[in-house]
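Model the placement of chains B and C on the given structure of chain A, informed by the hints.
For reference, the chains in residue letters:
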Amino acid sequence: MSALDTRPTGASNGGSRSAAEVRLEDLRRIYGSTTALDGLTLTIEAGELIALLGPSGCGKTTALRLIAGLEDADGGRVVVGSRDVTNLPASRRDAGMVFQAYSLFPHMTAQENVAFGLRMRKVGLGERRQRAGEMLELVGLSTQADRYAHQLSGGQQQRVALARALAIRPSILLLDEPLSALDARVRSQLRDEIRRVQREVGITTLFVTHDQEEALAIADRVGVMRAGRLEQLGPPTDIYARPATPFVAEFVGLTNRLSGTVKDGSVDVRGIRLPLIAADTPDGPAVALVRPEAVSLAVATEGSNGPLSGTVIAVSFLGAVTRLTVDLGDTTVLVQIPTAEAAAHPGGTRVRVALRQDPVLITREDGLGRP
Amino acid sequence: MNRRRRRRLAAFKTVVYVVLGLFFLLPIAAMVEFATRGVGISSPRTLTAFTSIGSDPELVDAITASLELAVITSMGMLALLLPTMIWLRLRVPQMVRPVELVCLTPLTIPAIVLVVGFAPIYNWIEINVSDSILMLAFAYLILVLPYCYRALDAGLSAVDIRTLSEAARSLGASWATVMWRVIVPNMSSAVSNACLLCVAVVLGEFTVANLLNFENLQVAISILGTGNASVSIALAVLSLILVFFFLLILSFLGRALSRRRSAARA
Amino acid sequence: MTAVAVSEAAYVSRPLRGRLRVSTAWLGAAPFLLYTGLFLFLPTVLVAVGAFSGPHGPTLANLARLSQPYVVSAFLNSLVLSAVSASVGAVVGSVLAYAVATGSPDGILRRLVTAFCGVLSQFGGVTLAFAFIATIGTEGFIVIWLQQHGIRFYPNGVWLFSLTGLTLIYTYFEIPLMVIVFMPALDGIRPQWREATETLGGGTWHYWRHVAGPLLMPAFLGAWLLLFANAFSAYATAAALLDIGGVIVPLQISRALSSEVGLDQANFAAALALGMVVIVAIITVLYARLQRRSARWLPR
Numbered sequence: 001m002s003a004l005d006t007r008p009t010g011a012s013n014g015g016s017r018s019a020a021e022v023r024l025e026d027l028r029r030i031y032g033s034t035t036a037l038d039g040l041t042l043t044i045e046a047g048e049l050i051a052l053l054g055p056s057g058c059g060k061t062t063a064l065r066l067i068a069g070l071e072d073a074d075g076g077r078v079v080v081g082s083r084d085v086t087n088l089p090a091s092r093r094d095a096g097m098v099f100q101a102y103s104l105f106p107h108m109t110a111q112e113n114v115a116f117g118l119r120m121r122k123v124g125l126g127e128r129r130q131r132a133g134e135m136l137e138l139v140g141l142s143t144q145a146d147r148y149a150h151q152l153s154g155g156q157q158q159r160v161a162l163a164r165a166l167a168i169r170p171s172i173l174l175l176d177e178p179l180s181a182l183d184a185r186v187r188s189q190l191r192d193e194i195r196r197v198q199r200e201v202g203i204t205t206l207f208v209t210h211d212q213e214e215a216l217a218i219a220d221r222v223g224v225m226r227a228g229r230l231e232q233l234g235p236p237t238d239i240y241a242r243p244a245t246p247f248v249a250e251f252v253g254l255t256n257r258l259s260g261t262v263k264d265g266s267v268d269v270r271g272i273r274l275p276l277i278a279a280d281t282p283d284g285p286a287v288a289l290v291r292p293e294a295v296s297l298a299v300a301t302e303g304s305n306g307p308l309s310g311t312v313i314a315v316s317f318l319g320a321v322t323r324l325t326v327d328l329g330d331t332t333v334l335v336q337i338p339t340a341e342a343a344a345h346p347g348g349t350r351v352r353v354a355l356r357q358d359p360v361l362i363t364r365e366d367g368l369g370r371p
Numbered sequence: 001m002n003r004r005r006r007r008r009l010a011a012f013k014t015v016v017y018v019v020l021g022l023f024f025l026l027p028i029a030a031m032v033e034f035a036t037r038g039v040g041i042s043s044p045r046t047l048t049a050f051t052s053i054g055s056d057p058e059l060v061d062a063i064t065a066s067l068e069l070a071v072i073t074s075m076g077m078l079a080l081l082l083p084t085m086i087w088l089r090l091r092v093p094q095m096v097r098p099v100e101l102v103c104l105t106p107l108t109i110p111a112i113v114l115v116v117g118f119a120p121i122y123n124w125i126e127i128n129v130s131d132s133i134l135m136l137a138f139a140y141l142i143l144v145l146p147y148c149y150r151a152l153d154a155g156l157s158a159v160d161i162r163t164l165s166e167a168a169r170s171l172g173a174s175w176a177t178v179m180w181r182v183i184v185p186n187m188s189s190a191v192s193n194a195c196l197l198c199v200a201v202v203l204g205e206f207t208v209a210n211l212l213n214f215e216n217l218q219v220a221i222s223i224l225g226t227g228n229a230s231v232s233i234a235l236a237v238l239s240l241i242l243v244f245f246f247l248l249i250l251s252f253l254g255r256a257l258s259r260r261r262s263a264a265r266a
Numbered sequence: 001m002t003a004v005a006v007s008e009a010a011y012v013s014r015p016l017r018g019r020l021r022v023s024t025a026w027l028g029a030a031p032f033l034l035y036t037g038l039f040l041f042l043p044t045v046l047v048a049v050g051a052f053s054g055p056h057g058p059t060l061a062n063l064a065r066l067s068q069p070y071v072v073s074a075f076l077n078s079l080v081l082s083a084v085s086a087s088v089g090a091v092v093g094s095v096l097a098y099a100v101a102t103g104s105p106d107g108i109l110r111r112l113v114t115a116f117c118g119v120l121s122q123f124g125g126v127t128l129a130f131a132f133i134a135t136i137g138t139e140g141f142i143v144i145w146l147q148q149h150g151i152r153f154y155p156n157g158v159w160l161f162s163l164t165g166l167t168l169i170y171t172y173f174e175i176p177l178m179v180i181v182f183m184p185a186l187d188g189i190r191p192q193w194r195e196a197t198e199t200l201g202g203g204t205w206h207y208w209r210h211v212a213g214p215l216l217m218p219a220f221l222g223a224w225l226l227l228f229a230n231a232f233s234a235y236a237t238a239a240a241l242l243d244i245g246g247v248i249v250p251l252q253i254s255r256a257l258s259s260e261v262g263l264d265q266a267n268f269a270a271a272l273a274l275g276m277v278v279i280v281a282i283i284t285v286l287y288a289r290l291q292r293r294s295a296r297w298l299p300r
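Residue numbers (the working numbering), protein chains in the order written: chain A, 1 to 371; chain B, 1 to 266; chain C, 1 to 300.
Chain A extracted, bound-state conformation:
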């Protein structure tokens, strides 16, 4: 238990402790014959929010639990600030954790829940109350302090859980899919709320999620994981616009797989030359991964029948944008355009497809049935 824990509360935001850098070095975890974590190395800068993104079973939650000390690493180190915590039990790691759902103690009020960690640290009752009050205020629940978990909505419960995790002034905040049990509206609200609080407190944070939209929206940097390894780590815009691997490209956002030929540092797709993300790609046949919003449509001129003309076979209205599926004869392509423009292309009409000159990623794997 650190002496910092009982420091008198100063500022009203709870971040009087200076944020710590967190380093994961070659972390490994093996369950029987499956390798859940295969040498994860990652540095979370002080005060930064990194989102670990990946499909279920990719090891993102395992990584989180290893940092929290809820599971033992089979190899590697966890370093928080200058302290190697790899062999410390969870109770001495100073990691605030927010679980997926139902983690509030049901027999305690919101305030008692928030004060629980301080009670474990033998903080006096008066200070406990005051600090719990501050934390509840931080998450906007001052008026609900005396409610039990079952009297709070799912979103409110997660706010209390966040306040509880922050009340102990942890050196790192760990969020394990904290929004996945909530409905869509509350989810995006609380997502922004978490980001606001995290910035206000200035705490180093790891956010685990399988929802790419969530990860891109909340994080300073996103780490995409697959089969226990980190595929790509970078700012959300990079992850989306310059995916390092086909897996990242297809897991984050929608992509079209269009076959073409690589030659002299660019790729020829249906007669259009597109620049490459990785310029040193060897020549030869390949599949280009093209985002739906990089495709645009024009009404087909009479009798046009080239490789870029096709028929609109499905239209889904998504609000500001509309997504259309165009049948090009040998393949279909997803197109995302502003709704105002989509009105010109109802289902069944002939259209001409154009591709924007964004750098694209090349894969030589076979398509897996995705458009």
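There may be inaccurate statements among the hints.
Here are some, though not all, of the chain C residues that point toward chain A, as calculated from beta-carbon distances under 8 Å [unchecked claim]: (1) Ala64; (2) Ser67; (3) Gln68; (4) Val72; (5) Ala196; (6) Glu198; (7) His206; (8) Arg209.
Rather than coming from a laboratory, the hints here were simulated on the basis of the structure.
All residues carry an ideal CB built from backbone N, CA and C; glycine is no exception.
Same frame as chain A, but now just chains B and C:
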């Protein structure tokens, strides 16, 4: 869970299982040992105690009676409790709580107290209806109420009976069809659980039968115990094993049924 | 089935006779209410009435006999026996239930233990008394086996056939009953609560003291009450084990019931039975008080 805690938990569980396993299995082993003892001090093990059970007509009668009572009580329980519970949930929900309370009262009124009240009633039944031991089923139905209510209640709350019955009614099913063809098949494991408890209670029942002067299985075991201890204990062992296997079979039946159902659903 | 048919007719004619529907729908419960009225409430009423009746009309004489020393001591014995065996059964049973609940939910061990507990919790009675006689009776095999190794199992006299022995035997069906009753409560404990406690700086002791303990307390108290009532009303085991009658209340009742002396013996039995009901009622009220304090956080 980290390694240290997992190891500690495993050690704790081993100790618990070994100590309690001994506590629970030793008396049963002792019964088997006692029942197979020979007459002399160093005489070999013998199964005569077991084989002589079948040759005692009074004993056979008691066993038969207990088995019949188990069946009758289970049937009666299902006929009385199940339609009432379903009906109230569907049509008179404000009566669900009071009926639950009634069903649970036998837990707080000791059986021996009920016997005192049963005595005059059974006097009347013996004179006006029948003096058959099967009349005990009336009393046993009350004794099994709390256990069966809980089992059936668990099953009913796992099934959305309102939607099921509305769907069936809208397709033209009668209330009887709704109950027996739609709802009951969807809670077969709860029904088999309830029957299971019924059988266990009835086959183990002694108090009521003994004090109302009927000779069921347990009373027969008790009477024999004063005369021929080894046969009595042999019978006790047999009935224990019998009920254990009966329960095991019923529980597997219930599981097989529910698995078939979930397979059909998937 | 007839009541069902009647109510069904009422359902069909609902648009016409809406008010009547409510009153006839109640008829669906009529067979059940009739039956429990006859075989549950009538006996209870007969007990209450019997307790106040004598050969010459209403009397308090039966209740007065409850103050006799041997009756008072039977009640005390019953109370102590039930409280001790319920407490031991509740504690040991919850430990066993915890061991089972932390295992795989579909594991063979859990199935076996639950099935075994199902049998043993219901199948007490005479069989059980014999089982213990065969184990640690004067000719029981543990006693004989120890004798062969020069150890006396009963250095201070045989206690199996006393209240001590009875208490031990009662735990044999109280523990399995506890496992069955308490298991659902343990299954309701979420692993996140333990993990949250750990990340907030609490150890195993803190978890049990501040989280799991208070959370399980309402279920534990409820189970204890059930175990108490179960032991309090148990009769078969004692009847088979004890030669002398009347040590505990159920044996007193049985002696009064089977006595040939006369009608007022039956009324005395009713008075004893009423006494038992009153005691269970008092314990239930105490329980409800405790429960209100330990379970104020439960959703209602």
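Hint by hint, here is what the structure shows:
1. For the restraint placing C:Ala64 at the interface with chain A, the shortest Cβ-Cβ distance is roughly 48 Å, beyond the 8 Å limit, so the hint is violated.
2. Because the smallest distance between the Cβ of C:Ser67 and any Cβ of chain A comes to about 44 Å, over 8 Å, the interface hint for this residue is violated.
3. For C:Gln68, the shortest C-beta to C-beta distance to chain A is roughly 47 Å, which exceeds 8 Å, and the interface hint is violated.
4. The interface hint given for C:Val72 is violated, since its Cβ lies 41 Å from the closest Cβ of chain A, which is over the 8 Å cut-off.
5. Nearest Cβ of chain A to the Cβ of C:Ala196: about 5 Å, under the 8 Å cut. The hint holds.
6. Checking C:Glu198 against chain A: minimum C-beta separation of about 4 Å stays under 8 Å; hint holds.
7. A least Cβ separation of about 6 Å between C:His206 and chain A falls short of the 8 Å threshold, and the interface hint therefore holds.
8. Among the interface hints, the one on C:Arg209 is violated; its C-beta lies about 11 Å from the nearest C-beta in chain A, farther than the 8 Å criterion.
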